[in-house]
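Colleague: The residues making up each chain are set out below.
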Amino acid sequence: RKEVEQDPGPFNVPEGATVAFNCTYSNSASQSFFWYRQDCRKEPKLLMSVYSSGNEDGRFTAQLNRASQYISLLIRDSKLSDSATYLCVVNDNFNKFYFGSGTKLNVKP
Amino acid sequence: DVKVTQSSRYLVKRTGEKVFLECVQDMDHENMFWYRQDPGLGLRLIYFSYDVKMKEKGDIPEGYSVSREKKERFSLILESASTNQTSMYLCASIREFDSPLHFGNGTRLTVT
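Residue numbers (our numbering), protein chains in the order written: chain A, 61 to 169; chain B, 78 to 189.
No wet-lab data here; the hints were simulated from the structure.
Please note that the accuracy of each hint is not assured.
Below, in silico cross-link-like pairs of lysine-lysine (DSSO-like), each with a Cα-Cα straight-line distance of 30 Å or less [unchecked claim]:
{"hint": "1", "chain 1": "A", "residue 1": "Lys105", "chain 2": "B", "residue 2": "Lys80"}
{"hint": "2", "chain 1": "A", "residue 1": "Lys139", "chain 2": "B", "residue 2": "Lys134"}
{"hint": "3", "chain 1": "B", "residue 1": "Lys147", "chain 2": "A", "residue 2": "Lys164"}
{"hint": "4", "chain 1": "B", "residue 1": "Lys130", "chain 2": "A", "residue 2": "Lys164"}
{"hint": "5", "chain 1": "B", "residue 1": "Lys147", "chain 2": "A", "residue 2": "Lys105"}
{"hint": "6", "chain 1": "B", "residue 1": "Lys134", "chain 2": "A", "residue 2": "Lys105"}
{"hint": "7", "chain 1": "B", "residue 1": "Lys147", "chain 2": "A", "residue 2": "Lys62"}
{"hint": "8", "chain 1": "B", "residue 1": "Lys80", "chain 2": "A", "residue 2": "Lys102"}
{"hint": "9", "chain 1": "A", "residue 1": "Lys139", "chain 2": "B", "residue 2": "Lys148"}
{"hint": "10", "chain 1": "B", "residue 1": "Lys132", "chain 2": "B", "residue 2": "Lys80"}
{"hint": "11", "chain 1": "B", "residue 1": "Lys132", "chain 2": "A", "residue 2": "Lys62"}
{"hint": "12", "chain 1": "B", "residue 1": "Lys90", "chain 2": "A", "residue 2": "Lys62"}
{"hint": "13", "chain 1": "B", "residue 1": "Lys147", "chain 2": "B", "residue 2": "Lys95"}
{"hint": "14", "chain 1": "A", "residue 1": "Lys156", "chain 2": "A", "residue 2": "Lys62"}
{"hint": "15", "chain 1": "A", "residue 1": "Lys156", "chain 2": "B", "residue 2": "Lys148"}
{"hint": "16", "chain 1": "B", "residue 1": "Lys132", "chain 2": "A", "residue 2": "Lys139"}
{"hint": "17", "chain 1": "A", "residue 1": "Lys164", "chain 2": "B", "residue 2": "Lys148"}
{"hint": "18", "chain 1": "B", "residue 1": "Lys130", "chain 2": "A", "residue 2": "Lys139"}
{"hint": "19", "chain 1": "A", "residue 1": "Lys164", "chain 2": "B", "residue 2": "Lys132"}
{"hint": "20", "chain 1": "A", "residue 1": "Lys139", "chain 2": "B", "residue 2": "Lys95"}
Given the structure is predicted, the values throughout are model-derived calculations rather than measurements.
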C-alpha cells in the first residue's frame, strides 16, 4: 500500500465550479500535511499547509481528518488559471516526506 | 521568501559523463534534499543532508553521490550518467521537519 494516495483525475470542470480533492495517508503518526500546486514541467509550489482545525486561503480550503486519515482541498469558483496538478505531501516529522501522485485539474471556459 | 536556486534549467549530457547539479538556498536552512520526478513514479528521494558534510541515502541513491561543503549549497553528482537518469531533478530545503519543503525550479536532465 502506498503511503499517500490520490485520485489522479483528470478532473474536468467548468469555470466557476467547486471541486474537491482527497488524499489518504497510511501512517497514523504523520505530523504535517501540505498541498502543492505543480504546473506542467515546473517545480511544485506550496499552496497551503493543512492544520488540524482546517484552514482557508481565499477560494481554497484545506481540511484534515485524522480519524479517517485523509486531507482534502476544496477550490471554489474555479478559474482557468487553477488548471494544474495538485500534490498532497505528508511528513512524519522526521526526514521523510511522502508525496501523492498528484491530481490533475482542468478548468474549462 | 525562501529562494532555492538550481544552477541549470535544462541539461543535455552524454552517457558516461560526470554530471554536477548545483543547488543553493538563501535561508540558512539546515536540511536539504535531492529528488527526481518521473511520470508515473512521482517524486523519489535520492539523498538528504541535515548539516554540512552530513548526508543520508534516500530511496534511490544508486548512481548518485552528493556534496555539502557549505550550508547553503547541496550538490548532486551523477558519477557516470546513464540514459535511465534522464529525469526532472528537484532540490528542496527546510529549516525544521514540520515546515513545508521549498523547491528549486528544477533541472530537466537528458542523457543521450
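Colleague: So, for every hint listed, does it hold in this structure?
Modeller: Hints, verified against the model:
For the proposed pair lysine 105 of chain A and lysine 80 of chain B, the alpha carbon gap of about 12 Å is at most 30 Å, so the pair holds. For the hint pairing lysine 139 of chain A with lysine 134 of chain B, the CA-to-CA distance comes to about 41 Å; that exceeds 30 Å, so the pair is violated. At most 30 Å may separate the alpha-carbon atoms for a hinted pair to count; lysine 147 of chain B and lysine 164 of chain A exceed this at roughly 38 Å. As the CA atoms of lysine 130 of chain B and lysine 164 of chain A are separated by approximately 38 Å, the hinted pair breaks the 30 Å bound.
For the hint pairing lysine 147 of chain B with lysine 105 of chain A, the CA-to-CA distance comes to about 25 Å; that is within 30 Å, so the pair holds. A distance of roughly 24 Å separates the Cα atoms of lysine 134 of chain B and lysine 105 of chain A; the hinted pair therefore holds under the 30 Å criterion. At most 30 Å may separate the alpha-carbon atoms for a hinted pair to count; lysine 147 of chain B and lysine 62 of chain A exceed this at roughly 35 Å. Between lysine 80 of chain B and lysine 102 of chain A the alpha-carbon distance is near 15 Å, which keeps this suggested pair within the 30 Å criterion.
The suggested pairing of lysine 139 of chain A with lysine 148 of chain B is violated, with an alpha-carbon distance near 40 Å, which exceeds 30 Å. Simply put, lysine 132 of chain B and lysine 80 of chain B have alpha-carbon atoms about 21 Å apart, close enough for the 30 Å limit, and the pair holds. The suggested pairing of lysine 132 of chain B with lysine 62 of chain A holds, with an alpha-carbon distance near 25 Å, which does not exceed 30 Å. A distance of roughly 33 Å separates the Cα atoms of lysine 90 of chain B and lysine 62 of chain A; the hinted pair therefore is violated under the 30 Å criterion.
Between lysine 147 of chain B and lysine 95 of chain B the alpha-carbon distance is near 21 Å, which keeps this suggested pair within the 30 Å criterion. With a C-alpha separation of about 14 Å, the suggested pair lysine 156 of chain A and lysine 62 of chain A falls inside the 30 Å cut-off, and the hint holds. A C-alpha spacing of about 20 Å is found between lysine 156 of chain A and lysine 148 of chain B, which places the hinted pair at or below 30 Å, so the restraint holds. Only pairs whose Cα atoms come within 30 Å are accepted, and lysine 132 of chain B paired with lysine 139 of chain A is rejected, the gap being roughly 42 Å.
Annotation: proposed proximity of lysine 164 of chain A to lysine 148 of chain B is violated, straight-line Cα distance about 36 Å (limit 30 Å). A distance of roughly 45 Å separates the Cα atoms of lysine 130 of chain B and lysine 139 of chain A; the hinted pair therefore is violated under the 30 Å criterion. For a cut-off of 30 Å, the pair hint linking lysine 164 of chain A to lysine 132 of chain B is broken: about 34 Å separates their Cα positions. Proposed proximity of lysine 139 of chain A and lysine 95 of chain B is contradicted: the alpha carbons are some 44 Å apart, above 30 Å.
The structure fails to meet hints 2, 3, 4, 7, 9, 12, 16, 17, 18, 19 and 20 from the earlier list, while all remaining hints are met.
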